[in-house]
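Engineer: Each chain, written out:
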Amino acid sequence: MIRRPIKSSTAAFLGALSVLLMLGGYTFLAHRQYQRNPDDTTIPRWSQLHKGLQSAIEVNRRSGDRWLVIDAVASGQRLFLGLAGGVAASLLLGLAMGCFAPIEGFLHPPLSLLAKVPPTAALAVFFVLVGTGNNMYVAMIAFGVLPTMTLTVNLAVKEFPDELLYKAYTLGASHMEVVWTIIFRQVLPRFIDAVRLSIGPAMVYLIAAEMVVGDVGFGYRIRLQSKLLNMSVVYPYLAILAAFGFGMDSLLRLLQRKLCPWYEPRR
Amino acid sequence: MNPEGDASPAAGDIALECRGVGHGFGAKTVLFDVNLKLRRGQFLSMVGPSGCGKSTLLRAIVGTHPPRAGELRLFSTETGDQGKVIDGPGRDRGIVYQQYSLFPFLTARQNVAIGPMLDQTSLAFRCLRRLRWRRLRRDQWRAAGDMLEKVKLGDAMDLYPHEMSGGMRQRVALAQAMIMKPEIILLDEPFGALDEATREDLQHMLLNLYEENQKAVRQGLRPPYTLIIVTHELNEAIYVGDRLVGLSQLWDWRKEGHAEAPGATVVYDKPTPVFDSKAARNFERFTAQREEIRRVVFEPDPPCDRHQHVVYWRECRTRPNAPQTDPDPHPLA
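Line order of the protein sequences matches chains G and F. Residue 44 in the numbering used here sits at position 37 of the first sequence, with consecutive numbering throughout. Residue 899 in the numbering used here sits at position 112 of the second sequence, with consecutive numbering throughout.
In isolation and in its complexed conformation, chain G is listed as follows (with noise of 0.2 Å):
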């Protein structure tokens, strides 16, 4: 039957199913590439990616320092200031836009165009803007993610019932409490959204722009250890990153739940 609900307990098996798959799957291949050529490193065995995280974690010989560390502490800045910047700047802008119609008028054209330009494009711009090191990457993730989700906010608060706003004003409220106590307070389950749905784009901006200009962080570290075919690095940065923005979501759904216990039904 189309969208009929199935129970919390089948919905974990099932999860749990796929997940395995996925992992046989992959031990499958990876023990007939062993069986093929013993030599291959395209597709580690489980050992392999074993050793390969190990040297990830232990202190390099020639660099003297531990990758992984310093490829999390760098890359983990760089996306928390950027986000954090990109998330502040477009709930204010946001509700801004939405509660006043000049302010709306006077961003939405240029915000609507930026949406449309993928940052890492415009990475030179970020370079010639505000130079390189931590700031550029800063930089690129928040502007990457702020229009698309001021754009969200506005809608948001744009979907606020005119009878609501009516009836705030009846109770006694001012403009800001309006805009603060009921239109904030209305929106930031849709906010929270927004913002789950941001990490993964700016999770792609910092890795193409460490890719391609980075000394460290992991999109750095990632394209030397390809360029060396040692996938027994490269996938255990993919898994990590993988279990990050996992995380990063899941924190994200839990403080939801937590801030708006009414919204969750609607979805």
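Some hints here could point you the wrong way.
As the list claims (entries may be wrong) - Some chain F residues close to chain G (C-beta under 8 Å, calculated; not the full set):
id, residue
1, Val849
2, Gly877
3, Arg880
4, Tyr887
5, Leu910
6, Phe912
7, Ala943
8, His949
9, Ser952
10, Met967
Source of the hints: derived by calculation from the structure; they are not laboratory data. Keep in mind the model is a prediction, meaning the values are calculated, not measured. In this text, a Cβ means the ideal position worked out from N, Cα and C, and glycines have one as well.
Here the structure of chain G is known, so what remains is to put chain F in place on it, guided by the hints.
Structural biologist: Only chain F this time, still in chain G's reference frame:
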């Protein structure tokens, strides 16, 4: 000009006055020369054909859609006999809508308590004076709880709107408006989406409020609730109100020299019988009035003179216990 002007009650008795109110959207005129004086403690039902501007008039009273012509005056103890011209929404008018009647992110108790919160404290107060705010909030929550008990929702205080039935939501919305003690409460087709049993239940609740008004007057106090209810259901309009106003665009405007229809205006304004909430509902009692309203407001053939059935104040004056001195011109059924 109000043809009933000379029969108006004392100024202190009036809660709201519409003086020559006109409204429209673009080139289209919706309301034309609406004159109305609403007594304090009165429950006025408003009916009319679709698109005649009932909700537009309510919005003008709320203050979100100011009239194009004329003015609306609200009277309270602060404003005195002159009243104040309504020029925007304010806490002295409460509104209950058919849809979107509650804030979805607040529980029933929070929905009722948010009015006192917004009215008595500022954003800065709530952020900077946390201790005093918490004490005040406790009182506000207690008052909200009492108000919910009054509308028989004492066991639903922590439910969110999506967890409540339509009837429960409208009860909370009414409590939300009542806790503010506004000069006037406006109900815009509040029971339109409810089933018959729930609708009847809520109508009884309104009759209970009306009885509270009567009790207050008997004790020499100010009646606490003044109410305008817009409805498309004639039985409901007669049952819950003590006065019925019909707005209609179908009146004899040619007789007044207009080349084209100038918009809807008041074509019917008469008292309605007052019912006892405990007595059985007997719609037979007002069959004649219902037919009259249908004939004058909804299907006039030929169109009537707009002043012909606007006789509320005249009827009140000619009756014993006229409303100028006694707000209950009709004995309880």
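Engineer: Go through the numbered hints given earlier and state which of them the structure violates, listing their numbers in rising order.
Structural biologist: 6, 7 and 9
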